[in-house]
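Whenever a hint applies, use it, and build me the whole structure from the sequences.
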Amino acid sequence: MFSLRLIGRSSSARSNTLIKPQFWKYRRYISNSSLESQKQAQEQHRAALTEEYAEIEQSEENGEGEEFYVDCSNIKQRWNKLPMDIQQDMISYLNVKQEFGWNYLTKEEKQSLYYIAYGEWGARDKVSMNGVEMAFKLMTSCLLFVAMGITIINYMHDKKVIEELEDKAATN
Numbered sequence: 001m002f003s004l005r006l007i008g009r010s011s012s013a014r015s016n017t018l019i020k021p022q023f024w025k026y027r028r029y030i031s032n033s034s035l036e037s038q039k040q041a042q043e044q045h046r047a048a049l050t051e052e053y054a055e056i057e058q059s060e061e062n063g064e065g066e067e068f069y070v071d072c073s074n075i076k077q078r079w080n081k082l083p084m085d086i087q088q089d090m091i092s093y094l095n096v097k098q099e100f101g102w103n104y105l106t107k108e109e110k111q112s113l114y115y116i117a118y119g120e121w122g123a124r125d126k127v128s129m130n131g132v133e134m135a136f137k138l139m140t141s142c143l144l145f146v147a148m149g150i151t152i153i154n155y156m157h158d159k160k161v162i163e164e165l166e167d168k169a170a171t172n
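For the sequence shown, the numbering used here begins at 1 and goes up steadily by one.
To be clear, the hints were calculated from the coordinates, so they are not data collected in a lab.
Keep in mind the model is a prediction, meaning the values are calculated, not measured.
Heads up, the beta-carbon is just placed ideally off N, CA and C, and yes, glycines get one too.
Hints may contain errors.
[As the list claims (entries may be wrong)] Here are the computed lysine-lysine pairs in the BS3-like style, where the Cα-Cα straight-line distance is at most 27 Å:
#1 137 - 126
#2 110 - 76
#3 107 - 76
#4 107 - 81
[Unchecked claim] Just the calculated beta-carbon pair ranges, DEER-fashion:
#5 77 - 129: 17 to 25 Å
#6 43 - 139: 51 to 59 Å
#7 139 - 95: 33 to 41 Å
#8 117 - 145: 27 to 35 Å
#9 78 - 38: 34 to 42 Å
#10 54 - 119: 35 to 43 Å
#11 41 - 106: 30 to 38 Å
#12 54 - 132: 49 to 57 Å
#13 96 - 126: 27 to 35 Å
#14 129 - 38: 40 to 48 Å
Shown next, in the form of structure tokens:
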């Protein structure tokens, strides 16, 4: 069975079982199209990860590493009730575990990753819209509809005026 051991400081004071990984700080991406710089960046990234994994193995030998598991069951019902720091810890844990490959993920973890990426929470949450937000959305929609109507009316009026001017110019 796959187990994930990470060393680091917890981002939440309430939960000492969820630990953020340290090796994210070593990840570098270069947008330069130069092949040499990309290869160099990949080598640096591999060296940094190798160094980090060596530190993790050494801490495991010393008994410093902490093994933990994040409960990913029933994520749809629990997600909005979880505090923000626990949500961030869960996202970090799943992102790290996802880097090792989908073969190591359980069915619940795969479903959790899908829900976090595409589920109805945050900006996609339709339930979280309160009365003020609904009124703002309605007023904005009405304002845009009125602006569109005025634009169409002005276009029709301008079209008639242009036709009249063209007729006058043709008769002169």
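Which of the listed hints are broken here?
The structure conflicts with no hint, since it agrees with every one listed earlier.
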